[in-house]
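Trainee: Sequences are here, hints too, so could you generate the full structure?
The chain contents come next:
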Amino acid sequence: MEFIQVEDMSHVYYPGQENEHAALKHINLRIKQGEFIAVLGTNGSGKSTLAKHFNALLLPTSGHCYIDGLDTLNTEELWQIRQQVGMVFQNPDNQIIAAVVEDDVAFGPENLGVPPKEIRQRVTESLQAVRMERYRKFAPHLLSGGQKQRIAIAGALAMHTKCLVFDEPTAMLDPIGRTEVLATVKRLHEEAGITIVYITHFMEEAAAADRVLVMDHGEIVEDDTPAKIFIKVDEMKRRGLDVPLAAEVAWRLRRNGIHLPQDILTNEDLVVALCR
Amino acid sequence: MLTDITIGQYFPGASLLHRLDPRTKIILLFLFIIDIFVFDTPLSYGLLSLFTVSLIYFSQVPMRMMIKSIKPLWWILLFTFLINLCSVSGEAFAHIWIFALTWEGLRQAVFICLRLILLILLSSLLTFTTSPLALTDALENLMGPFKRLGMPAHELAMMMTIALRFVPTLIEETDKIMKAQKSRGSDFSSGSLLHRVKSLIPILVPLFISAFRRADELAMAMEARCYRGGVGRTQMKALRITTIDYVAYGASLLFACTLVGLKVIGI
Ligand SMILES: Nc1ncnc2c1ncn2[C@@H]1O[C@H](COP(=O)(O)OP(=O)(O)OP(=O)(O)O)[C@@H](O)[C@H]1O
Ligand SMILES: [Mg+2]
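Chains as they are written, first to last, in the working numbering: chain A, 245 to 520; chain B, -18 to 248.
Derived by calculation from the structure, the hints in this document are not laboratory data. Do not take every clue at face value.
[Said to hold, decoys possible] Lysine to any residue pairs mimicking SDA-like chemistry, simulated, CA-CA at most 25 Å apart:
hint, chain 1, residue 1, chain 2, residue 2
1, A, 381, B, 160
2, A, 269, B, 160
3, A, 381, B, 150
4, B, 157, A, 265
5, B, 160, A, 337
[Said to hold, decoys possible] Covered, in the sense of this in silico footprint (three residues per stretch, anywhere, with C-beta under 8 Å from a C-beta of chain A), are these stretches of chain B:
hint, stretch
6, 29 to 38
7, 104 to 116
8, 148 to 159
9, 201 to 207
Fair warning: this is a prediction, and the values are worked out from it, not measured in the lab. We treat Cβ as the ideally placed atom computed from N, Cα and C, and that holds for glycine.
Mentor: The structure is reproduced here in structure tokens:
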């Protein structure tokens, strides 16, 4: 069984009531340990709903979601599941609990009942992993958005999570904050082998992933490498989504008869291809 | 204006005061509050003031911050001063309109204001030298014995932690909303009292809505981090009574005894 395995999973909000809404429809999905997955989709396509199933904040109304072999419907294993899958949400201000950085990072391990001495060690390690060791004693409201998000990541790492789920972590950040967060995510993926599920509206960020899922009306309609997804510019536009600027330029050039390779995602790719 | 509020602001540091166990600090604060109210001779006021000033010195909290903590209560101080000045009977040294200002009144006014200032300074010193988390941990711990009577000590402490954490965030947000409303032409600083109170509604409504949204998201984030109440929880900064705490208790008791002694012999 894969690290995350979703089988014929549906989620209906308010089942049986008049405002009933099927947010996820018969999803099947397998995510291997150590993969970096980006999730794209228009507003209301069910991305956040899917993400919340990965650490049992929401439970399937039908079907199953297995995390490292544990069924999220089995409430006895709830804490084990949440310990393994950390979440980082959009608004950095609404996920920091304590008034000092180190206390906030310690919140997760404290809940797990880890002994104080080990918590200190974990806090140090996690802050180092996100390069925020210097800010240990700071008050979170004095930090920038990007720094706050890195603290939130450290908070999840301190629980020794194997997987991090990000729900539009950069939506409220400035460009500098965005690069900071994405660089941290990439490094954790490459160096610590952490499985990443990264929901975003920024196509440039999605291009950094190993695999991209595209969601539409509660279904996964595409599941492929970024290069294969972003070459279908027409289809993406029809779904109300964009592609990275470089991919779009390459697509237009190709339509005008210029021969370019199929896997252009970043500006650098494009420059290299054009200069050849 | 709003950012002037200093309550609940913590100054990280490594002074003796910072290193005291927060429970010790709370208990001793109570002891000193009692001292301040029980002993009312000039000498004991002098000693208590001297003591407070030296504590501030040791805490390494900038004097500027201490003064700032008194500022919001400046009107109350002035009011108290005037009331006392005018309402005590005795030998008058001046008459203003229908009020007779007496020496006894002046003496009492000065002392009562001094009392209030000492109270504010000592309590601010507690919040300046104790991180909010340590403070709530200490309260949770001190309330521990009442848990058996059904008092939700952990929940209250957690509520306080979160409230303290969100004070700066909500202040910032209020500032932002006020600016947004001002830029749309609303006026908070003129007109009748009723008008001014009414003009607060467009600030409070968005503030409440946003606070509820924040609460919802925060609850989700806490759950995602395995929060399930106080049971089975450990603490990184476990509270520990050390030698300096015993020394602090000893010194404070000695100080209180000195004051009692002075009172008994009548100076
Ligand atoms: N708590 C809820 N109660 C009822 N319906 C909800 C709830 N949360 C989401 N929905 C509905 O479920 C659908 C999917 O929502 P979801 O938040 O998963 O979308 P999303 O892809 O994350 O969108 P966005 O890009 O705006 O974050 C939407 O139509 C939304 O209205
Ligand atoms: Mg969403």
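Trainee: If a hint holds in the structure, say so; if it does not, say that too.
Mentor: Results for each hint:
no., hint, in the structure
1, 381/A - 160/B, "violated, 31 Å"
2, 269/A - 160/B, "violated, 44 Å"
3, 381/A - 150/B, "holds, 18 Å"
4, 157/B - 265/A, "violated, 35 Å"
5, 160/B - 337/A, "holds, 20 Å"
6, 29 to 38, "violated (count 0)"
7, 104 to 116, "holds (count 3)"
8, 148 to 159, "holds (count 3)"
9, 201 to 207, "holds (count 7)"
Taken one by one, the earlier hints fail for this structure at numbers 1, 2, 4, 6, listed in ascending order.
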